[in-house]
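Undergrad: Each chain, written out:
There are 2 protein chains.
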Amino acid sequence: MGKKYVYFFGNGQAEGSARLKDLLGGKGAGLAEMTNAGLPVPPGFTITTEVCRIFYENEGRLPMEIEAEIQSALRRLEEVRGERLGDPERPLLVSVRSGAKFSMPGMMDTILNLGLNDVTVQALARRTQNPRFAYDCYRRFVQMFGNVVLGIEKRKFEEVLEAKKRARGVQHDTELTAEDLKELVREFKRLIAEETGRDFPEDPHEQLQQARDAVFRSWNNERAITYRQIHNIPHDLGTAVNVQAMVFGNMGETSGSGVGFTRNPATGEKELFGEFLPNAQGEDVVAGIRTPLPVQKLREILPDVYRQLEEIAERLERHYRDVQDFEFTVQEGQLFMLQTRSAKRTGLAAIRIACDMVDEGLVTPEESLRLIEAPTLNQLLHPTFDPVKRKEFRVIGRGLASSPGAAAGRIAFTARRAVEMRRQGERVVLVRMETSPDDIAGMQASEGFLTARGGATSHAAVVGRQMGKPAVVGCSALIIDEEAGTARLGDVLLREGDYISIDGTTGEIMLGDVPKVESEILRVLNGELEPEQSKIYQYFKRVMDTAREVKRLGVRANADTPGDARLARAFGAEGIGLARTEHMFFAPDRLPHMQAMILASTEVERREALARLLPMQREDFAAIFRVMDGYPVTIRLLDPPLHEFLPKREQLMVEIAILRAKGETEGVEEKERLLTRVEELHEFNPMLGLRGCRLGILYPEITEMQARAIFEAACQVAREGVRVLPEIMVPLVGIAREFEAQREIIDRVAREVMREAGIQIPYLVGTMIELPRAALTAGEIARSAEFFSFGTNDLTQTTFGFSRDDTVAVIEAYLSQGILETDPFLILDRAGVGELMKMGVERGRAVRPNLKTGICGEHGGEPNSVEFCHRIGLDYVSCSPYRVPIAILAAAQAAVTELAAVLE
Amino acid sequence: MGKKYVYFFGNGQAEGSARLKDLLGGKGAGLAEMTNAGLPVPPGFTITTEVCRIFYENEGRLPMEIEAEIQSALRRLEEVRGERLGDPERPLLVSVRSGAKFSMPGMMDTILNLGLNDVTVQALARRTQNPRFAYDCYRRFVQMFGNVVLGIEKRKFEEVLEAKKRARGVQHDTELTAEDLKELVREFKRLIAEETGRDFPEDPHEQLQQARDAVFRSWNNERAITYRQIHNIPHDLGTAVNVQAMVFGNMGETSGSGVGFTRNPATGEKELFGEFLPNAQGEDVVAGIRTPLPVQKLREILPDVYRQLEEIAERLERHYRDVQDFEFTVQEGQLFMLQTRSAKRTGLAAIRIACDMVDEGLVTPEESLRLIEAPTLNQLLHPTFDPVKRKEFRVIGRGLASSPGAAAGRIAFTARRAVEMRRQGERVVLVRMETSPDDIAGMQASEGFLTARGGATSHAAVVGRQMGKPAVVGCSALIIDEEAGTARLGDVLLREGDYISIDGTTGEIMLGDVPKVESEILRVLNGELEPEQSKIYQYFKRVMDTAREVKRLGVRANADTPGDARLARAFGAEGIGLARTEHMFFAPDRLPHMQAMILASTEVERREALARLLPMQREDFAAIFRVMDGYPVTIRLLDPPLHEFLPKREQLMVEIAILRAKGETEGVEEKERLLTRVEELHEFNPMLGLRGCRLGILYPEITEMQARAIFEAACQVAREGVRVLPEIMVPLVGIAREFEAQREIIDRVAREVMREAGIQIPYLVGTMIELPRAALTAGEIARSAEFFSFGTNDLTQTTFGFSRDDTVAVIEAYLSQGILETDPFLILDRAGVGELMKMGVERGRAVRPNLKTGICGEHGGEPNSVEFCHRIGLDYVSCSPYRVPIAILAAAQAAVTELAAVLE
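Residue numbers (my numbering), protein chains in the order written: chain A, 47 to 950; chain B, 47 to 950.
You may find that some hints are simply not true.
Some chain A residues near chain B, calculated using beta-carbon distances under 10 Å [what the hints assert, rightly or not]:
hint	residue
1	Arg345
2	Tyr545
3	Asp840
4	Ile873
5	Ala877
The set of hints was computed from the structure by calculation and includes no laboratory data. C-beta: ideal position from N, C-alpha, C; glycine also.
Please take these sequences and the hints and turn them into a complete structure.
TA: This is how it looks when you write it as C-alpha cells:
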C-alpha cells in the first residue's frame with residue numbers, strides 16, 4: 047500500500063486520531079479524535095503536513111496521485127453530505143483551514159463558505175429560505191478569498207463596504223439588505239479583477255485548489271515564521287489543510303460561534319470558561335468587532351446547548367485527560383464542535399489543574415506532570431509587574447528577554463553609580479552597552495540590567511539568571527552616551543535617575559516605575575509566609591514532590607555563594623554542580639590581591655599574593671560546604687583569562703595618550719608599567735587563549751592554593767560535624783595529560799592537608815567537557831577523571847565556532863532566515879553539541895563504567911535540553927537556582943515520557 | 047607462553063630481529079639483526095622498551111618475573127663467554143647501553159667495563175698481561191658509574207684526575223702508570239663515598255642493576271625530553287637496555303674504535319666514510335679529546351680490518367637496503383660490530399643515494415622513496431647560507447623556525463619602511479612584533495620576516511611559507527621599540543638599516559649579512575640553468591617522477607596569485623586547493639573600495655563599491671585560470687572578519703584622544719565616524735565572529751559579486767581556449783543550511799552568467815570543513831556539497847580551543863612538560879582533529895559516495911599529516927607551493943608503506 051496523504055472524518059468515524067498529530071496537525075488530529083469520540087463534528091478531510099512539504103519541494107505543485115487522493119476524499123465528503131461542490135441544487139460549502147503540529151493561533155490562513163458562486167448562492171438562498179444570509183455568506187467568501195488567496199489588502203474591501211454603508215445611510219453590516227450584499231459581491235469581484243488582472247474564480251474546484259495552496263503558502267508568511275522563532279517551532283514541519291463541510295453560526299439568533307475552555311486558563315478554577323457571539327461565524331469572535339458574551343450566558347439563551355457543552359467539556363477532559371480549548375458553532379440550535387486542543391495556561395493554572403485532576407482521578411500524579419509547561423513555573427518564582435497597573439505605562443522598547451522577572455528603578459549608567467545610588471536607598475536599574483565582571487558590584491546593587499549588546503548567554507544574562515535578577519539584553523535600539531549620562535531609546539531621552547521598568551519575561555522596557563507583586567512561593571521559602579497560608583505554595587509543593595519522586599536525573603544548582611546555595615536547596619537542588627571560584631576574586635577586598643598575583647614578576651611574589659587570597663577562599667568554601675551539608679559541591683578551579691581582572695587595554699592606552707598630550711608626567715610611568723603587563727596578557731581571542739586549566743599548568747601555584755583552600759575548608763567543617771563531599775573540577779581540558787597534571791597537584795595537596803588535619807575527606811576530581819577534543823578523547827580522560835560535567839556554553843561556542851558575545855546578529859539573521867531553527871545557546875543543539883555529548887558519555891563510560899556525568903551549561907535548566915540529558919543518560923543537570931524547579935519538572939517529564947513510550 | 051621481556055643474541059644467532067625495533071630499540075634490533083646476518087658481534091642481551099614502561103609504572107621497581115628473566119639471560123651470556131660476572135679468575139665484563147626506537151644520539155646513558163672491582167681487575171690484568179690497561183678500564187668504569195649512575199658531576203672526577211697528573215708531572219692520561227691509576231680508583235671511590243654517603247658497589251650484580259635502572263631513568267632526563275620534543279618523538283616509547291660483553295679498543299696500537307657510514311651522508315657519494323681512533327674506547331671518539339683519523343687510514347694501518355669493513359659495509363647495505371651508520375671496535379686486530387642504523391643524510395645525499403641504489407639494483411624505484419626523509423627536500427629548494435662563511439657571524443638569538451630558507455638584509459620595523467627601502471634597492475628583513483594583513487606589501491618587499499610573537503601558524507609563518515620566504519617567529523627575547531626605530535635582542539641593540547640574517551630552517555638569528563648559495567633546482571625551474579647542467583636537478587626529477595607514479599593522493603597547492611600558481615605547477619601541483627580571495631583586497635588599489643564597501647550604510651552603497659571591485663576580481667581569477675589550464679582551481683569566498691580591512695580600534699581611539707587633548711577639532715569628526723563603524727565591527731573573539739560564510743549570508747551581495755567574478759572570468763578564458771575547472775568553496779560552514787543558502791546564490795549567478803555568455807562551464811560547489819560541527823553533521827552538508835576541504839588550521843583551533851595567535855606560550859609549556867607530544871598546528875592531531883576528519887569523510891561519503899575530499903590547512907604539506915590523509919582516504923592534499931614536492935614524496939611514501947604492510 048502506498049503512502050496515505052488524505053485522512054477522512056465524518057459520521058462518527060475518522061481515519062486519523064490524536065496520535066497522528068505530526069501528520070494531521072493539531073486541528074486535524076482533534077477533529078478526527080472528536081469524531082471518533084462521537085462528538086458532533088461536521089464531516090471533512092485533512093490533507094497531511096507531508097503534502098505541505100511536497101508542495102514546497104515541487105515549487106507549488108502537487109503530484110497527480112495526491113491530487114487524485116484529494117478528489118476522492120472530496121467525493122466521499124459529497125456522498126456523506128448528499129451535496130456536491132458547485133451543484134446548482136445542493137451545493138457543498140466548505141471551510142479550508144490550516145493546522146500545524148503546534149498551535150500558531152491566527153498566524154496562518156482560513157477560508158470559509160468556499161463553494162459559493164453566482165449559481166450556488168441562489169441554491170443556498172432557496173435552501174435556507176434566507177437570501178440575505180446567503181448573500182452575506184457570499185460577500186464574506188469573496189472578500190476573504192480576495193484577501194487571503196489573492197493577496198489583496200483587507201483595507202480595500204473595507205473601503206468598498208464602508209462606501210456601500212454610507213450610500214445606504216446605515217451604520218452596521220447587518221443593516222444591509224440582500225440586494226445591497228449582492229451588489230457588494232459584484233463590486234468586490236470588480237476590485238479583484240482590477241487588482242489581479244484576472245476574474246474571481248467561479249468554479250468551486252478551482253476555488254478549492256487555490257485556497258488549499260494559499261494555506262500551504264501561509265506556512266511561510268512572515269508572521270508565521272516570526273511566531274515559530276519566538277516559540278521554537280521547527281520551520282520544516284509544515285501545515286496540514288482541513289477541508290470541512292460548513293456549518294453556519296450566522297443563521298439568526300439561535301445560531302452563533304464561540305470558543306471555550308474546560309477550565310479557567312488563568313486561575314485553573316474548574317468552570318466552563320469562554321465566549322459566545324450570537325448570529326456570527328467564527329472569525330467574528332476573533333475579529334472583536336462585536337463584544338461576545340461570556341459562555342455562561344448560554345445557560346439562559348440556549349440552555350440545551352449549554353448543557354450539551356458542559357457534557358462535552360467533561361467528555362473532552364476525560365478523553366484527553368487535560369484541559370481543552372475548543373471552538374464550536376451553533377447552527378439553528380444545533381451544536382457543532384470545530385476544534386479542540388490542549389489549553390495554554392498560566393503557571394498558576396497549570397499547577398492547580400495538575401493537582402485538581404489528580405484529585406478528580408482524571409490523571410495519575412505522574413501523568414499530571416505532563417499538564418504543566420515547565421517554563422511557566424518561572425511566573426511563580428519571580429515578582430511580576432501588576433498586570434492591571436502596567437497598562438498605564440508606556441512601552442518604549444524591547445530587547446531579548448533573558449532573565450525572567452520584573453525590575454523597576456532609577457537608571458544608572460555605570461556600576462559605580464549603581465552602588466552609590468543604592469547606598470542612598472534607591473532602587474536601581476543598571477543600563478550599560480554590555481556588562482563585564484568589573485560590573486559585578488554594581489549588578490549586585492541593582493534590581494535588574496538592561497544592555498544594548500549581547501545575547502541570551504551574555505554576561506548580563508548569565509549573571510541575571512544566576513542572581514535571579516531580571517535582565518533584558520541586546521536592545522540594539524538603545525544608544526548610550528555614558529559620558530553625558532544619557533541614553534536614547536527610540537524618541538525617548540533617558541537620563542541618569544529616571545525611572546524605568548524592565549520585564550525580563552517579555553523583554554519589554556517601560557518608562558516609569560511600574561508597581562510589582564511579589565512571588566508567593568518565594569515568600570514562603572523565605573519564611574515570610576506560612577506554607578498553610580498559601581494555596582499556590584501547596585500546589586507547587588505537591589507538583590515538585592511528585593516530580594522529585596518520578597525523575598531519574600539528579601538536579602543540582604550553579605551557585606557561587608552561601609546565599610545562592612541556600613536558595614538552591616530551598617528549591618530542591620541535590621547539590622551544587624558548579625561553584626565558580628573566580629567570582630570570588632572580583633570582590634573589592636580581594637581584587638587588589640588578585641591583581642598583585644597577576645602583576646607579580648616572580649613565582650615568589652605570586653605565591654605571596656596567593657597566600658593572602660588563601661584564607662579568603664577557604665572561608666568562601668567553608669561557608670558553602672556548611673549550607674550544603676550532606677550534598678556534593680562541585681568546585682571549578684580558576685577559569686577566566688587573567689586580563690579580566692585588570693583594567694582594559696584601550697582605556698589605559700587612551701589615558702596615557704591624554705596625559706602625554708597634556709605634557710603631564712605624573713602617573714604615566716605607573717600606568718605604562720601596568721599597560722605593559724596588560725599588553726602581555728592581551729589576546730586576540732581570549733575565549734581560546736590562556737584560561738582554564740592552562741592557567742593552572744603554567745602557574746601550578748594557583749591550583750595549589752585553590753586545592754589547599756578547598757581541603758582546608760573541608761577539614762575545618764568536617765570537624766564541625768558537617769558532611770562534606772567536594773568534587774573538584776578542572777576546567778577547559780582538551781588533552782588527557784592536562785587533567786592528569788592538575789590532578790596530581792590536587793591529590794598531593796589533598797594528602798598534605800588531610801595528613802596535617804588528621805581527617806580523611808572523600809572527594810572526587812573530574813573535569814568539564816567543554817571542548818570538542820575533550821569529548822572526542824573522553825576515553826583517555828576518563829582513565830583519571832572521576833566525573834565529567836558538560837560545559838555546554840563553551841562547547842556550543844567551539845563546536846559552532848560562535849563567540850556568544852559576537853554572533854548575536856548572526857544568530858538573529860540565521861533564525862529569521864530559517865538557517866537555524868533555535869538559538870543553540872538557549873536550546874541544546876542535538877545534531878552537533880549533543881552528538882559530542884553522547885560520544886563523550888559513551889567513550890568515558892567504556893573506560894570507567896561508574897563515571898559520573900552532568901551538565902553545568904545554561905542548558906541545564908532548559909526543558910528541551912534537560913530531556914536530551916535524560917535521554918543520553920547523564921546523572922545530573924545543574925542550573926541557576928531559580929531554574930531548579932523547572933529542571934526538576936522537566937526531568938520528571940522526560941522520565942514519564944520515556945515510560946509512556948516503553949508502555950506503548 | 048608469557049610475554050618475553052629479554053632477547054638474547056650471540057654466537058651467530060639472535061632471538062630478536064630488525065622487525066622488533068619497537069621493543070628492542072634501534073641498537074638492540076641492529077645487534078640482533080647483525081648477529082643473525084653472521085657479522086662479528088659481541089654476545090649479549092636486550093631488555094625491552096616495555097620493561098622501561100613497567101619500570102616507570104612501578105616507580106622504579108621491576109616485578110620478580112622480569113628480574114628472573116634478566117638473570118637467566120645473564121647466565122646464558124656467561125655460558126657463551128665461558129666467564130662469570132664477578133668471577134675472580136674469568137670475570138665477565140659488560141657494557142650497558144640505552145637504545146630507543148628512534149635514535150637520540152648522546153642523549154641517554156652508557157656504562158662500560160661493568161663487572162670490575164678490586165678482585166676482578168686483577169684477573170683482567172693477569173689475563174691481558176697488561177695491568178696498566180686493566181686499571182685504566184677500572185678507573186674509567188668507576189668514573190663513569192659515579193657520574194652516570196650515582197649522579198656526581200663529571201667535573202669533580204676531572205679535578206681529581208687533573209690533580210693526579212699535576213702531582214705526577216705528566217700531561218696526558220696515557221702517561222699515568224698502573225699504580226697511578228690504582229690510586230686514582232681509590233680516590234674516585236673516596237669521592238663517591240663523600241658525595242653519596244655510600245660506598246661504591248663492589249658487587250658486580252649490584253652494579254648491573256644500578257646501571258640498568260640509571261639507563262631507564264635517563265629516558266626522562268632533561269636533555270632527552272628536549273631532544274624528543276624537537277624531533278617529535280613520543281615521550282611514552284621508553285628505551286631498551288643492551289647488556290653486551292665488552293670488547294676493548296684500548297688494548298694497544300692494533301686496537302681502536304670507530305664510526306662509519308656506508309656512503310657519504312653529506313654528498314651521497316659511494317665511499318666508505320667515517321673516523322677511527324686507535325687505542326681507544328668508543329667514548330673517546332665521541333668525546334673529541336684526541337682527533338680521530340679518517341677511516342680510510344685503516345687501509346694502511348690495519349689493511350685486513352679495512353677490507354673486512356668494506357665487505358661488511360656492502361653486506362649491511364644489501365641486508366638493510368639503505369645506507370648505514372655503524373660503530374665498531376677493533377681489539378688486537380679483531381673487528382667487532384657494535385651498532386648499525388640507517389644513516390641520517392642531507393637532502394642532496396638522500397636523493398642521490400635513492401637514485402644510485404636503484405641503479406645498483408639494491409632497491410626498486412618505489413622502495414628508494416623510503417630512503418628520503420621528505421622534509422630534507424626543503425634544503426634543496428631554498429637558498430641557504432654558505433655553510434663555511436656563516437661560521438664567521440655571531441648568532442644573537444633564536445626563534446621558531448617556521449618557514450625554511452635563508453634571508454639576509456637590512457632591518458625595517460614597519461611595512462611602509464620595508465617598501466621604501468626596497469625601492470631604494472635594499473634587501474630588507476622585516477622585523478615586527480607580529481605581522482598582519484596590513485603588512486602584506488611590506489612582506490612582499492622583504493627577504494624574510496622576524497617576529498617577536500606568534501607560532502608556527504601565525505600570519506608571518508603562513509605568509510612566509512606561502513611566499514616561499516624565510517620566517518623566524520615567536521622570538522620572545524626580541525623587544526621592539528617601533529617609535530624609536532630600534533630593537534633589543536639579548537645584549538645587542540638593533541637599529542633600522544642594520545644587517546641581520548635569519549635562518550628559517552634552524553631559527554637562528556645572526557648579526558650581519560651572511561652570504562648565501564641559491565637553490566640549483568629552483569634555478570632550473572626558473573629557466574636560469576639548463577636541466578642537463580644540474581646533476582642535483584636530475585636526481586630530484588627522477589625521485590619526483592617515481593613519487594608521482596606511486597602516490598595515490600592528489601597534491602595541489604595553496605596559491606592566490608598567478609606567480610604562485612606558476613611555481614606550484616613547476617613543482618608538480620595538480621591543481622589549486624585553496625585560492626584565498628581576500629588577499630586580493632589588501633592591494634593598495636583595491637583597499638579603498640573594500641573599505642567603502644564595509645563603511646557603506648545601505649545595500650545600494652555596498653553594491654556600488656562591490657561593482658568597482660568586480661572587474662579587478664575577475665582579472666585575478668582569469669589570470670589564475672590561464673596558468674592552471676586543465677587543472678582544477680578551488681576558490682574560497684571571502685573569509686576574514688571585515689575589521690581586518692579597517693584601521694585598528696585602539697589606534698583610532700588614541701588618535702582621537704590626542705587630538706581632543708590638544709584641543710584640535712579638525713578631522714576628529716571624520717575619525718569618530720570611522721571609529722563608530724570600527725566599534726560596531728569590533729569583536730571580542732574575531733576568530734569566532736562574523737566571518738566566513740556568515741558574511742555571505744548577512745551580505746549576500748558579496749557572494750554574488752564573487753560568484754559573478756569567478757564565472758565571468760571562467761567564461762572569458764574558456765573563450766580563449768583555456769580548460770577551466772572552477773571549484774567554489776564556501777568557508778566556515780557549520781550548519782547545512784548555511785551552505786545551501788550560499789550555494790543557491792552561486793548556482794543562480796552561474797546560470798545568469800553562462801546564459802549571458804552562451805557558454806557552459808562545469809563547476810563544483812563545496813565547503814571547507816573547519817568547524818567541529820561541520821564534521822559532525824557532514825552527512826547533512828554532503829547532501830548539497832560536492833566537495834569537502836578540511837581546513838585543519840581552524841579545525842585545530844576550535845577542536846582544542848586554542849587560538850593560534852594566543853597560545854604559543856601554552857603550547858611551548860605543554861611540549862616541555864610532555865602534555866603535548868607535538869605541536870598540533872604543525873603535525874595533525876590524530877586523536878582529536880583527525881578523528882573529526884575521519885568522521886567527516888565517512889559521514890559525507892555515506893550520503894554522497896563520490897564526494898571529493900581534501901585538506902588545505904598547513905598540515906597538507908607535513909609528511910606525518912600527509913600519511914594520515916592518505917590513510918583516511920582523502921582525494922588530495924593542498925599546501926603552499928614550496929611544500930608541494932615534500933607532499934608528493936610523503937604521499938608516495940604513504941602508498942609504499944601501505945603496500946608493504948599488505949604484502950607482509
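Undergrad: The structure should be examined with respect to each hint, and the outcome stated for every one.
TA: Hint check results:
{"no.": "1", "hint": "Arg345", "in the structure": "54 Å, violated"}
{"no.": "2", "hint": "Tyr545", "in the structure": "29 Å, violated"}
{"no.": "3", "hint": "Asp840", "in the structure": "7 Å, holds"}
{"no.": "4", "hint": "Ile873", "in the structure": "14 Å, violated"}
{"no.": "5", "hint": "Ala877", "in the structure": "5 Å, holds"}
Hint compliance for this structure: hints 1, 2 and 4 are not met, and every other hint is.
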